[in-house]
Structures are given as C-alpha cells and as structure tokens.
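> Taking the hints into account, I'd like the entire structure generated from these sequences.
Residue numbers (UniProt numbering), protein chains in the order written: chain A, 1 to 147; chain B, 1 to 147; chain C, 1 to 147; chain D, 1 to 147.
Hints are computed from structural coordinates only; laboratory data are not their basis. What you were told as hints is all true, and nothing was included just to trick you.
Below, simulated DSS-like cross-link-like pairs (lysine-lysine); rule was C-alpha separation at most 27 Å, straight line: (1) B/Lys146 <-> B/Lys109; (2) C/Lys6 <-> C/Lys109; (3) B/Lys146 <-> D/Lys109; (4) A/Lys6 <-> A/Lys146; (5) B/Lys109 <-> D/Lys109; (6) C/Lys146 <-> C/Lys6; (7) D/Lys146 <-> D/Lys13; (8) A/Lys146 <-> A/Lys109; (9) C/Lys146 <-> A/Lys109; (10) A/Lys146 <-> C/Lys109; (11) C/Lys109 <-> B/Lys109; (12) D/Lys146 <-> B/Lys109; (13) B/Lys109 <-> B/Lys6; (14) A/Lys6 <-> A/Lys109; (15) A/Lys109 <-> D/Lys109; (16) A/Lys13 <-> A/Lys146; (17) D/Lys109 <-> D/Lys13; (18) C/Lys109 <-> A/Lys109; (19) A/Lys109 <-> A/Lys13; (20) D/Lys6 <-> D/Lys146; (21) C/Lys13 <-> C/Lys109; (22) B/Lys13 <-> B/Lys109; (23) D/Lys146 <-> D/Lys109; (24) B/Lys146 <-> B/Lys6.
Number of protein chains: 4
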Amino acid sequence: MRFEPKDQDWETKTRASFARQAFMSHLGARLTHVMPGEADIELDLVPQLTQQHGFFHAGATSSIADSAAGYAALTLFPADTGVLTSEYKINLLNPARQPVIVARGRVVKPGRTLTICQSDVFGLDAGNEIHLATGLFTLMALAGMKD
Amino acid sequence: MRFEPKDQDWETKTRASFARQAFMSHLGARLTHVMPGEADIELDLVPQLTQQHGFFHAGATSSIADSAAGYAALTLFPADTGVLTSEYKINLLNPARQPVIVARGRVVKPGRTLTICQSDVFGLDAGNEIHLATGLFTLMALAGMKD
Amino acid sequence: MRFEPKDQDWETKTRASFARQAFMSHLGARLTHVMPGEADIELDLVPQLTQQHGFFHAGATSSIADSAAGYAALTLFPADTGVLTSEYKINLLNPARQPVIVARGRVVKPGRTLTICQSDVFGLDAGNEIHLATGLFTLMALAGMKD
Amino acid sequence: MRFEPKDQDWETKTRASFARQAFMSHLGARLTHVMPGEADIELDLVPQLTQQHGFFHAGATSSIADSAAGYAALTLFPADTGVLTSEYKINLLNPARQPVIVARGRVVKPGRTLTICQSDVFGLDAGNEIHLATGLFTLMALAGMKD
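Here it is, written out as structure tokens:
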C-alpha cells in the first residue's frame with residue numbers, strides 16, 4: 001500500500017459519500033474501486049449523457065474524472081474532514097464513444113490542506129482500453145465538515 | 001459587435017446544436033443568450049445536480065461552463081464546421097448553492113483551428129451575482145463535421 | 001479601490017520582495033505597477049529571452065505572468081505572510097515578438113488560504129496592445145513566512 | 001520503442017533546436033536525454049534562478065518543464081515542422097530547493113495538429129528524487145516552419 005490512510009473508516013466513508021452525490025446517481029455512475037489514494041468511477045454510454053455527435057459530453061467525462069479524484073483524496077483525509085474541488089484541468093485526447101468509460105483518480109501528492117490528484121479516463125471496448133482524457137485536480141480538505 | 005461571424009446562420013445553428021445535446025437536457029440546462037462570440041447557459045438548483053453537501057456538483061457547474069464556451073466558439077465558425085473541446089481548466093471560487101447558476105462563455109481569441117474562450121459561472125440569488133467559477137477553454141474547429 | 005489591503009505596508013513589502021527575486025533580475029523584469037490586488041511586470045525583447053524562432057520563450061512569458069499574479073496576491077495578504085504559487089494554467093494566444101511585453105496580474109478571488117488571480121500578457125508595439133497570453137493562478141498564503 | 005518517429009533526423013533536429021533556444025542557455029539548462037516521445041532537461045540551483053525564499057522560481061521550473069514537453073513532441077513531428085506551446089497547466093508539489101532539478105517531458109497522445117505531453121519535474125538530492133511539479137502541455141505542429 002503506497003499511502004497510509006489516517007482514518008480507519010476510509011472505505012465506508014468514501015462509499016457512503018459517493019452514495020450521497022445525487023449528481024452521480026443522475027448520471028448513472030458507479031464507484032467500482034476504492035483503495036487508499038485511489039478511486040475508479042464508471043459510466044455507461046446512454047443517450048442522456050451525449051453531446052450533439054452522440055459521444056459522451058465532455059461534461060460527463062470530466063464529472064466522473066472529478067469525482068474519482070475527489071474520492072481518491074478523501075480516502076486519505078482524517079475523520080470529520082470533507083473534500084471540495086478547488087480547481088482542475090483536463091485534456092480530452094480521443095472521442096469518448098465506447099460502451100463504458102472509467103475514470104481512475106489517483107493521489108499524486110497528499111497534503112494537510114491541498115491534495116493533488118491525477119485522473120485518467122479510459123474507454124472500455126471489447127477488451128481494449130482507449131485513453132480518453134487526462135487531468136490534474138487540486139482538492140481541499142475541510143476540517144470539521146463531515147463528508 | 002466585437003466579432004464578425006463567418007456563417008450568417010450562426011444563431012440558428014448554435015440553438016439547434018444545443019437542442020441536440022442530450023446531456024444538456026438531462027441537466028435541465030437552458031441556453032439563455034447567444035451572440036457572436038457569446039453564449040450563456042443556466043441551470044436550476046435541483047437535487048439531482050448536487051454533491052454530498054447539497055451544492056451544485058463541480059461536474060454540473062463545469063458542464064455548463066464547457067458548453068457555454070463551446071457555443072460561444074461555434075457562433076464564429078464557418079458553415080459545416082463542428083466544435084470539440086480540446087482541453088479546459090476551471091477554478092471553483094465559491095460554493096455553488098444559489099437557486100440559479102449561469103455560465104457565460106466568451107471568445108477570447110478566435111482562430112482557424114483553435115479558439116480560446118473564457119467561461120465564468122455566477123450564482124444568481126435575490127438580485128445578487130456571486131462569482132462561482134472561472135475557466136479557460138480550448139475549442140477545436142472540425143471542418144466537414146456538421147454541428 | 002476594489003480590494004482593502006490587510007497590511008498597511010503592502011506597497012513597500014511587495015516592491016522589496018520583487019527586488020529579492022533574483023530570477024526576475026536575471027530576466028531583466030521590471031515591476032511597473034502595484035496596487036491592492038494588482039501588479040504589472042514588464043520585459044524587453046532581448047536575445048537571451050528567446051526560443052528557436054526569435055520570439056519570447058513561453059517560459060519567459062509565463063514567468064512574468066506568474067510573478068505578476070503572485071505579487072497581486074501578496075498586496076492583499078496580512079503582514080508576515082509569504083506567497084507561493086500552488087498551480088497555474090496559461091494559454092498562449094499570439095506569437096510574443098513585440099519590443100516589450102507586460103503581464104498584468106489581478107486578484108479574482110482573495111482568500112485566507114488560497115487566492116485566485118488572472119494574469120494577462122500583452123505585447124506593446126508602437127502604441128498597440130496585442131493579447132499574448134491569459135492565465136489563471138492559485139496562490140497560497142503562508143503564515144509566519146516573511147516574503 | 002513506444003513511438004515511431006516520422007523523421008529519421010529526430011535526434012539531430014531536436015538537439016539543434018534546443019541549442020538555438022537562447023533562453024535555455026540563459027538559464028543554464030542542459031538537454032540530458034532525447035528519445036522518440038521523450039526529452040529531459042536539467043537545471044542547477046544557482047542564485048539567478050531563485051525567488052525571494054532562495055528556491056527555484058516557479059518560472060524556472062516551468063520553463064524547463066515546457067521545453068521538455070515541446071522537445072518530446074518535436075521528436076515525433078515530420079521533417080520541416082516546428083513546435084509551439086499552445087497552453088499548459090502545472091501543479092507545484094514541493095519546494096524546489098535541491099542542487100539539481102530535472103524535467104521529464106513525455107508524449108501522452110501524439111497528433112497531426114495537437115500533441116499532448118506530460119512533464120514532471122524532480123529534485124535530485126544525494127540520490128533521492130523529490131517530485132516537485134507535474135504538468136500537462138498542448139503542443140502545436142506548424143507545418144512549413146523549420147524548428
């Protein structure tokens with residue numbers, strides 16, 4: 001294990017917080033992997049997530065990239081500390097038109113106030129992985145704000 | 001008028017393309033303003049757009065910021081040219097918990113291949129405007145791809 | 001005055017800190033304007049600041065954009081508080097080949113821990129201003145670290 | 001070899017272009033590694049590259065990150081094609097105060113028009129590597145512009 005979580009309850013709190021993100025349910029997103037410093041979120045290609053050419057809207061792609069980064073960070077936060085996205089940047093590399101896409105958020109640098117994560121999005125299609133997007137995210141730890 | 005559109009049909013094509021973005025309908029987004037180099041998109045604070053603290057999810061905020069930037073760019077593209085987001089960066093400045101938020105996309109630098117836009121998101125609350133987010137977007141013009 | 005400085009000494013400390021940035025002297029940079037929440041820095045087009053095509057190197061352009069953002073932020077910090085760049089993003093809009101370039105750093109959102117600035121770089125050529133770059137910067141306030 | 005260069009002359013042209021970047025010489029930067037899709041650039045901690053606390057100025061750190069990204073991209077370009085930075089974003093992770101820093105530019109996604117690179121900067125100190133910065137860069141290929 002590369003990172004040592006400060007809160008024994010890291011997995012339960014992360015899954016519970018994800019379950020409370022109404023926006024993630026609205027997109028049909030699934031939290032498919034949680035480890036200290038890591039979180040993966042998946043989306044299926046359904047019509048309501050598309051833009052005008054029938055691909056995933058960049059907003060859908062980056063929404064799961066953002067949540068994956070946020071939950072990767074949250075796993076390393078102390079108890080009773082919430083997470084908020086301060087800023088991020090994302091490069092869209094390839095058209096997102098695979099049946100399933102997965103965002104993999106990984107902590108690059110944990111910190112007391114700011115945690116930096118990388119989040120990469122891949123399209124899963126018949127056993128192949130296509131690199132769709134890569135982003136850098138700054139997450140803020142909010143002491144005293146339960147997540 | 002600061003920018004001269006290359007396609008007389010700029011308003012119709014922009015509104016028609018927005019109407020085809022299923023993801024925007026799924027969020028309940030409204031295109032409330034279109035001018036050459038400008039597009040505004042609004043969202044209402046409804047439960048399905050929130051994160052775990054009841055605020056707009058950063059993904060919802062940046063989705064309308066992205067679409068506003070993209071449509072601001074599209075107004076200046078020649079006919080039969082589509083728009084795709086190449087990359088963007090967004091800073092979230094204040095909690096997004098106002099009844100309505102509006103993203104205002106504005107072209108900073110038009111170009112044959114790449115167009116740079118700024119998109120700012122404001123919360124509208126009882127006549128006040130709160131600056132929620134500011135972002136920079138690179139949009140790509142795709143010749144031969146109808147938008 | 002849009003922003004109220006917390007430190008009466010804002011101008012002296014900002015100019016003194018700039019004078020101690022050896023890297024700015026090495027580039028030949030000049031701090032030409034300081035106001036609460038604002039700082040401008042200029043560079044002359046000299047051969048040692050160029051890239052392989054004879055334009056200002058993007059590194060030179062963004063170095064003054066970064067310092068201008070940092071000093072714009074510092075003017076609003078309390079006494080005995082240092083400034084550090086946490087992250088930034090910059091879009092290069094036009095070739096930087098004017099005799100003089102100026103970076104104008106402006107605070108967008110001051111904060112106790114994080115301050116967000118926009119920094120725009122312009123080329124000055126025979127009375128004209130060409131927009132060369134626009135960037136967003138996150139600056140961190142470091143209490144107890146004199147700047 | 002992960003990437004197939006389109007120009008047999010990739011190494012010579014990359015080294016020659018670096019040698020013509022006067023700004024890199026002005027910083028004392030060394031190109032220490034070139035491979036298809038890869039370029040490393042090093043800097044020594046000398047007083048003229050520091051900010052007010054004696055660390056490397058963020059501008060120096062990101063200048064070599066930018067050049068490393070640009071040359072990583074150039075190795076994959078066809079002959080008679082120049083490289084220009086379109087935009088980038090960088091997160092500064094740790095104070096840069098090691099005797100030597102190295103920026104490692106790597107192509108993430110090559111493209112006819114746009115190439116996306118990641119550039120990571122490490123501090124080298126007594127056999128240790130400290131991760132100082134991570135950035136994402138969009139490079140543009142300019143046909144007909146010799147680099």
